[in-house]
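Hey, can you work out the whole structure from these sequences and the hints?
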Amino acid sequence: MNVLDAQLNKGFVLPFQTYEGSIPLNVPAISKDGRVFAGGNIVLGQRLGALQLGDEDLINGWGNNYFDLADLALVLEDRVKFQPDSPLLKGIVGVVETSDGSYVAVDARAVDVILKKGKYGLFKRQFSESEVAHYLRDGKKQPEVVSNVILFPYDGDSIKLTSDQFNAVDATAIKRKNIVHGRDLEKNEIVKGDKVTHPAWKMYDPKMIVPLVRKTFEHNKKAYGYTDNMGLYLPDEPQDNAEGRALCVGRLYIRSWLGARYNLGIDSCRSVGVASVVAEGDAR
21 MNVLDAQLNK
31 GFVLPFQTYE
41 GSIPLNVPAI
51 SKDGRVFAGG
61 NIVLGQRLGA
71 LQLGDEDLIN
81 GWGNNYFDLA
91 DLALVLEDRV
101 KFQPDSPLLK
111 GIVGVVETSD
121 GSYVAVDARA
131 VDVILKKGKY
141 GLFKRQFSES
151 EVAHYLRDGK
161 KQPEVVSNVI
171 LFPYDGDSIK
181 LTSDQFNAVD
191 ATAIKRKNIV
201 HGRDLEKNEI
211 VKGDKVTHPA
221 WKMYDPKMIV
231 PLVRKTFEHN
241 KKAYGYTDNM
251 GLYLPDEPQD
261 NAEGRALCVG
271 RLYIRSWLGA
281 RYNLGIDSCR
291 SVGVASVVAE
301 GDAR
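Numbering (this note's numbering), first residue to last: 21 to 304.
These are calculated hints, taken from the structure and not from any lab test.
There may be inaccurate statements among the hints.
Think about it this way: if two alpha-carbon atoms lie no more than 27 Å apart in a straight line, the pair counts; the simulated BS3-like pairs of lysine-lysine are [stated by the list, open to error]:
| id | residue 1 | residue 2 |
| --- | --- | --- |
| 1 | Lys136 | Lys212 |
| 2 | Lys212 | Lys197 |
| 3 | Lys227 | Lys110 |
Ranges between beta-carbon positions, derived for each pair [as the list claims (entries may be wrong)]:
| id | residue 1 | residue 2 | range |
| --- | --- | --- | --- |
| 4 | Asn261 | Asp287 | 19 to 27 Å |
| 5 | Arg129 | Ile286 | 23 to 31 Å |
| 6 | Glu97 | Pro163 | 31 to 39 Å |
| 7 | Ile194 | Asp77 | 33 to 41 Å |
| 8 | Gly245 | Lys215 | 34 to 42 Å |
None of the values given here were measured: they were computed from a predicted structure.
Cβ atoms here follow ideal geometry from the backbone N, Cα and C, with glycine treated the same way.
Rendered as structure tokens:
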């Protein structure tokens, strides 16, 4: 167990494990380990708990590291969709290499879950009964035959969807002009009273986000003199197709931003696999 895993698991019986590297290659390994790819409701909830306890090890672990999340940011032109704990990301079963390029293979049932009623047909041309996909284990790519998957074009940066497929995803499309993004935020741009008002942070449990905002601003003012934090950063506007990426939450000392513009496949990605029993408890 590495130092970061030891910090994250302080006081627990190994419920958390970090996975470094490409998200599409690591998600299958997370599942095979009996864990769930953790989204912001879990990761940010642990960060809040660390700040509330004032435990230096926990703050160093959960607060002073970045984490890639199982929360989807889907962008097309000037529109953005957010989906926490996205089945599209959690349902990844590996990367398929073909003569036509790379594809991220996602369990077809997981794709069906994220769609508006009657829209699955838009993905049928990308369905495959059987493929050889690769995932990452101990730093090495491992092959595995996967069944009944949807293949999404993948360039190492993002998965690609058509405009019709973007519209079919059952999440609210928000115009960029209606989202404050590209800079750090004042506290009242995220929450007002006990309500979360910022469209991105609003996807998470308000009972967690409201106190998290307060504790983050208190901590960062005292530790670093920051008065603005937790900004949202979006990728450029794709014109030809929609792009899907995992959101990433930044370290406290770089203002705990929420980023949607980082490559899915880079070696520096850091995902958290949480033991299924812990994830189920948090969901309840």
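The hints, checked one at a time:
1. Lys136 - Lys212: The hint is violated at about 31 Å.
2. Lys212 - Lys197: Roughly 20 Å separates the two Cα atoms, so the pair holds.
3. Lys227 - Lys110: holds (24 Å)
4. Asn261 - Asp287: 19 to 27 Å: holds (25 Å)
5. Arg129 - Ile286: 23 to 31 Å: With Cβ atoms ~28 Å apart, the hint holds.
6. Glu97 - Pro163: 31 to 39 Å: holds (37 Å)
7. Ile194 - Asp77: 33 to 41 Å: Once the Cβ atoms are compared, 38 Å apart, the range 33 to 41 Å for Asp77 and Ile194 holds.
8. Gly245 - Lys215: 34 to 42 Å: With Cβ atoms ~28 Å apart, the hint is violated.
Checked against the numbered hints above, the structure breaks hints 1 and 8 and satisfies the rest.
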